[in-house]
Every structure is written in structure tokens, then in C-alpha cells.
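All chains should be built: construct the whole structure from the sequences, respecting the hints.
Residue numbering for the sequence shown follows UniProt numbering, beginning at 1 and increasing consecutively.
If you're looking for bench data, these hints aren't it; they were derived computationally from the structure.
Think about it this way: if two alpha-carbon atoms lie no more than 16 Å apart in a straight line, the pair counts; the simulated EDC-like pairs of lysine to aspartate or glutamate are: (1) LYS248 <-> GLU259; (2) LYS248 <-> ASP56; (3) LYS137 <-> ASP167; (4) LYS237 <-> GLU55; (5) LYS237 <-> ASP265; (6) LYS29 <-> GLU63; (7) LYS29 <-> ASP56; (8) LYS52 <-> ASP249; (9) LYS29 <-> GLU61; (10) LYS51 <-> GLU63; (11) LYS267 <-> GLU103; (12) LYS129 <-> GLU217; (13) LYS254 <-> GLU38; (14) LYS135 <-> ASP167; (15) LYS166 <-> ASP133; (16) LYS59 <-> GLU235; (17) LYS237 <-> GLU103; (18) LYS117 <-> GLU217.
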Amino acid sequence: MKRRTFLLGCAAAGLSIGFAQAQTQNPAKLRVALLPDENASTLIQNAQPLKKYLEDTLKKEIELVVTTDYSSMIEAMRFGRIEVAYFGPLSYVLAKSKAPGIEPFAVGVSKGSPTYKSVIIALADGPVKSIADIKGKIMGYGDFASTSSHLIPRAYLARNGLVGDKDYKFANLGAHDAVARAVQSGQVQAGGLSQEIFNALVAKGTIDGKKLVVLAESDPIPNYPMVMQGNLAPELKTQITSAFIGLKDPAILKTFRAEGFVATDDKAYDILRDTAKILALDLSKFKG
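In C-alpha cells form, the structure reads like this:
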């Protein structure tokens, strides 16, 4: 009996030590994930200045990660395969529902505001001239877990009496740029995506702005959050937060389509949870 008690005591102590260690992780390498909303190789290339900045500031090796899609990014965060991630608002909410310990700590600021908008676009000379014309057509969305390329435009249409798979068909095309190209090519008759990304695609010449028209824009949406694992060592969390809040280099901030970062918390994203209810989306059952 004494031997059994001793072994159980050792096991309990081991679990306690393991738990304590899990709460004070301070790895030599930080894996930083970028939101897979555009071509992966382009994202990695454009983020090299960010990698150097973080290595110099945090004195750690930085590995940039771009997962295949939003779902795999959520799962990577859930199972501790990345330490820091740049999430879309909805993909963060989905990740938080699966990994309650993760923490948003900074949010991008654009034009002086920690918010952005979604737009619904169509071909300028196509069959869709107004939101009402989307009825009976095909609507292009990005990833299911995308805020501005799925949740917000889909909710906008619902508020205007158009329900997906009832009043119109829709196709999930993955990335925002894929949605814009699909609308321009006529593959879909309308599409939803981030206003910032749409403007950037036009500016770069990826799509022809003269061939497309913006049918509607959303109300402000809380911007993309930077998120970290909650079990990182407190001093490391402080250093990571300071690194992003103190980031001033425009060339690096361009990676995030932001002018800077300010502090944020989980409550800022309750509006996404409320919007999901409009569409009767059970976020806890999302299979990321």
C-alpha cells in the first residue's frame, strides 16, 4: 500500500511539474504564423523584414509559417505547433473556441482605426447591378473561417433577404485574391472580400479595377489580431507584446496592411460571435 501511495504521489508530482513547465514555456525558437489569405510564397517573401525585426528584438530564432488554409492554422494553434499567429477576426474566434488558453494581444490599426471593412464586388458590365440581383446567381466567398470574405458578406446578404443555398448558390474559393479573380473572370457573379485586400489587388494590377464595381461595404469590423499561446512565460509574453506595439517600420507593417498595432483583448471580438448567430453558425462545432 505504501509503495502504491508513493508511486501515485510521484505521478502526481510529475504531473504538477509538467503542468508548471507547460505554463512557463520560453522556447529558443518562435514559430510565427501569417494568415493564409494570399499566395504563401509571396507572404513569406514579403515578411522577411518582420522575421529579422523579431529576431533582433526578441533575441530568438523566428520561423515564419503559412499554413495551407485557415482550418490548418487553427489546428496548429490548438495543438501548440505555432507560438504566435496573425489571425483573421473570425478564424481567431474559431481558434479560441477550440483552444481557450490562447490570447489576443495586439490589433492592427489602419487609417487611425483598429477596424476594417468587407466589400461585395461584381463585374461592372455583368448581370449583377445591385445586391438584389445576386438572387439566383453564384456568390464567391473565401475560406469558411474568413471574416470579411465569408461571415460578414454572408450576414450582409442575409440581412437583405438573401440566404445562401436558398436564394443564391455560393462557392468557397479559399483566398481573397481568388475571389476577386473569380468575379473578374465570370466564374462567379459576385464576391465578398476585405476592402483593404481588394484595394491592394487593384493597386498592384492583380485585378483590373475598371472591370469591377463595389456593390456594398460593411460596417466596421474589429481588425486582425495578433495571438499568442497563453502558456508562454510571462516575461516572453511581455516582450512579444512590446515588440508588436512598438513596431513602427512602414515596410514591416505593410505585411499586415496596418499603420501600427495597439493592445486588444478577447471581448473586442464578441461582435463576430453575435454575427455568427445571425447565420445560425455553431462556432463550437466548426471542424477546423
